[in-house]
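2 protein chains.
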Amino acid sequence: MTLHKAFNETTYQVIGHGFRNIQVLKDAFAQVDENLDSDMYGNGRVIEDFQEKMEKVLGKESAVFFPSGTMAQQIALRIWCDKKGIKKVAYHPLSHLEIHEEDGLKELHHIDPILLADQTRVIELEDVEKLTEDISCLLLELPQREIGGQVPSYETLISISNYCRDKGIKLHLDGARLFEILPFYQKTAAEVCELFDSVYVSFYKGIGGIAGAVLAGESSFIEQSKVWKRRHGGDLISLYPYVISSDYYFEQRVNKMQQYYEEAKELASLFNQCEGVVTKPEEPVSNMFHVHFNQPKEKVESKLIDTYEKIGVGLASNLREMNENECYFEVSIGDRYAKVPKQVLHKTFELLNKKLKG
Amino acid sequence: MTLHKAFNETTYQVIGHGFRNIQVLKDAFAQVDENLDSDMYGNGRVIEDFQEKMEKVLGKESAVFFPSGTMAQQIALRIWCDKKGIKKVAYHPLSHLEIHEEDGLKELHHIDPILLADQTRVIELEDVEKLTEDISCLLLELPQREIGGQVPSYETLISISNYCRDKGIKLHLDGARLFEILPFYQKTAAEVCELFDSVYVSFYKGIGGIAGAVLAGESSFIEQSKVWKRRHGGDLISLYPYVISSDYYFEQRVNKMQQYYEEAKELASLFNQCEGVVTKPEEPVSNMFHVHFNQPKEKVESKLIDTYEKIGVGLASNLREMNENECYFEVSIGDRYAKVPKQVLHKTFELLNKKLKG
Numbered sequence: 001m002t003l004h005k006a007f008n009e010t011t012y013q014v015i016g017h018g019f020r021n022i023q024v025l026k027d028a029f030a031q032v033d034e035n036l037d038s039d040m041y042g043n044g045r046v047i048e049d050f051q052e053k054m055e056k057v058l059g060k061e062s063a064v065f066f067p068s069g070t071m072a073q074q075i076a077l078r079i080w081c082d083k084k085g086i087k088k089v090a091y092h093p094l095s096h097l098e099i100h101e102e103d104g105l106k107e108l109h110h111i112d113p114i115l116l117a118d119q120t121r122v123i124e125l126e127d128v129e130k131l132t133e134d135i136s137c138l139l140l141e142l143p144q145r146e147i148g149g150q151v152p153s154y155e156t157l158i159s160i161s162n163y164c165r166d167k168g169i170k171l172h173l174d175g176a177r178l179f180e181i182l183p184f185y186q187k188t189a190a191e192v193c194e195l196f197d198s199v200y201v202s203f204y205k206g207i208g209g210i211a212g213a214v215l216a217g218e219s220s221f222i223e224q225s226k227v228w229k230r231r232h233g234g235d236l237i238s239l240y241p242y243v244i245s246s247d248y249y250f251e252q253r254v255n256k257m258q259q260y261y262e263e264a265k266e267l268a269s270l271f272n273q274c275e276g277v278v279t280k281p282e283e284p285v286s287n288m289f290h291v292h293f294n295q296p297k298e299k300v301e302s303k304l305i306d307t308y309e310k311i312g313v314g315l316a317s318n319l320r321e322m323n324e325n326e327c328y329f330e331v332s333i334g335d336r337y338a339k340v341p342k343q344v345l346h347k348t349f350e351l352l353n354k355k356l357k358g
Numbered sequence: 001m002t003l004h005k006a007f008n009e010t011t012y013q014v015i016g017h018g019f020r021n022i023q024v025l026k027d028a029f030a031q032v033d034e035n036l037d038s039d040m041y042g043n044g045r046v047i048e049d050f051q052e053k054m055e056k057v058l059g060k061e062s063a064v065f066f067p068s069g070t071m072a073q074q075i076a077l078r079i080w081c082d083k084k085g086i087k088k089v090a091y092h093p094l095s096h097l098e099i100h101e102e103d104g105l106k107e108l109h110h111i112d113p114i115l116l117a118d119q120t121r122v123i124e125l126e127d128v129e130k131l132t133e134d135i136s137c138l139l140l141e142l143p144q145r146e147i148g149g150q151v152p153s154y155e156t157l158i159s160i161s162n163y164c165r166d167k168g169i170k171l172h173l174d175g176a177r178l179f180e181i182l183p184f185y186q187k188t189a190a191e192v193c194e195l196f197d198s199v200y201v202s203f204y205k206g207i208g209g210i211a212g213a214v215l216a217g218e219s220s221f222i223e224q225s226k227v228w229k230r231r232h233g234g235d236l237i238s239l240y241p242y243v244i245s246s247d248y249y250f251e252q253r254v255n256k257m258q259q260y261y262e263e264a265k266e267l268a269s270l271f272n273q274c275e276g277v278v279t280k281p282e283e284p285v286s287n288m289f290h291v292h293f294n295q296p297k298e299k300v301e302s303k304l305i306d307t308y309e310k311i312g313v314g315l316a317s318n319l320r321e322m323n324e325n326e327c328y329f330e331v332s333i334g335d336r337y338a339k340v341p342k343q344v345l346h347k348t349f350e351l352l353n354k355k356l357k358g
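Chains as they are written, first to last, in our numbering: chain W, 1 to 358; chain A, 1 to 358.
One chain only, chain W, in its complex shape (with noise of 0.2 Å):
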């Protein structure tokens, strides 16, 4: 038996929205008049209906819709190194484009990227300051998922965007998440976004979509961006099965960010009870966090299993390894753990504390 085979038995799960099946695709177009066009590589009434949208929703001049982030943030970046012609920019070592984009950025574009911070904690002003070579952008993620979900302080925000603007840095939101720290911040999107010159958003992650991705910003930077969608591939004779998914997940969802926020925090704390058992961050600000255990892999993994199949709520579906002695896994809460009766979580906390213990 496989945590993952395990996780997918159990009658409830604590993380996400649902399993990630047709029956998505099928709920988005139910509803939709099958008269309706298709857009035609970027134009048409289903595309730029929810550009605008999106336009409104993050407070900027014009906003995209891509295929993916990974293209839409390697572009951005791209545009602002041409802009000022330095072919340089600083991020989080653990910045999607550093650890899962196969280097794109640097083997199509050429940008060299400068490592702020480290692989503890978020970027913060003085790591922007003690840069001592010039770059064209800066690109910030929140909130920062490879380490649970991290996010500075809004007036860090604001200081480093401050700094950015006087400094002739372009400064770039790595948004795939923005909607899920909201409630934390107690902040709209436009408010965080007129921060950044231009702004990621995407549709899979806490909206819960099929997959595509919005970049934002000044119409000449938007119009530009779309010149290197086309370069990358990106520019589809129709982009509608994702826009259409995107939108309808966005209207359900972009208004239970506080719910999930709140069952982030208590589902956190439920963990944090457990011997051995610490979350990263310790209090979560957005529906996400890491879960460490202080036991090796393969021993944890068979005490989750365990719980599993006694209780029937599974907690995660994968594990990975920090070290010998070290594992985690991350949490995301979706529509899923508003279902899990309270009772039967506690009874889930309570045995597999039982196991940790043992």
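Since the hints were derived computationally from the structure, they do not count as laboratory data.
Partner residues are not named here, just some residues of chain W that face chain A (Cβ under 7 Å, in silico):
| no. | residue |
| --- | --- |
| 1 | Val32 |
| 2 | Leu36 |
| 3 | Ser68 |
| 4 | Met71 |
| 5 | Glu102 |
| 6 | Gly104 |
| 7 | Leu108 |
| 8 | Arg230 |
| 9 | His232 |
| 10 | Gly233 |
| 11 | Ser238 |
| 12 | Pro241 |
A virtual CB, placed ideally from N, CA and C, is assigned to each residue, including glycine.
Please arrange chain A on chain W, whose structure you already have, making use of the hints.
Just chain A now, with coordinates in the frame of chain W:
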């Protein structure tokens, strides 16, 4: 009244499969089990099964699904250039890479193309033999879309393939419309692909899917292409909206290419009987051809609109200017042609011919 609007209001249309609307997706998904899992970043049954099917169809060791041909082809050329250490390729002056991709090959991959043949004809063996510079790869587009869908003879293909193998030049097939030329060549897809080191095919031209492409070749080549797919931002978490629709329409239409080809020859002959009208090629070799008029665009436009409105048969939805006394449109035969009653079709051409003479 625009030509586009007049075309959309006709009862019958001679070109295409149907309107590109949401129905295309709904039809493809109607019978798909909603519990079928999404692909995940290139893995999973839904994408792997289709890739394996295409390996067999194309007779190649390995195949990978791409969101677009733009992405797939730039990557193929990049891999061949890196392998040989020479950043030069050759293709036709009207190649998709040269005129429709905003110079992605040059801007992202720094590859220089050498243009072979000219805008009136396809690449012949002599063009390749005359090359004075060493190249890593030669790209042949079959059929050459921008000149009405022309192809070299099959003997020429064999001789070019042999020449390239002798000289250590990789041969890549832009097979956006590969299935459409098989009836003319009287060959299987695998037989044609055997002449090439790498092959790209599309699923939204003659096949009529929503979007999507497959790149095929040896396993080591395909493994490298997956790394570049991620770099380009094309390794989406879910590509199933395109994979499933590609498979659905492939099954529906791959065996109808002979019919489309016969219908294209029939329709071209009707055009060629009109005053001052010639098709390129004169006799089509696929489901497509171009129709040239020796009159100014505005004149032809109003004659077409009149004909559409009187008889109710749409011939084309847009007309392109060659010069002030010549214009043309592209014809691509699909499912619609068979639905046009022959009597009504002939009335259309009688009236059009009268108007063109007048």
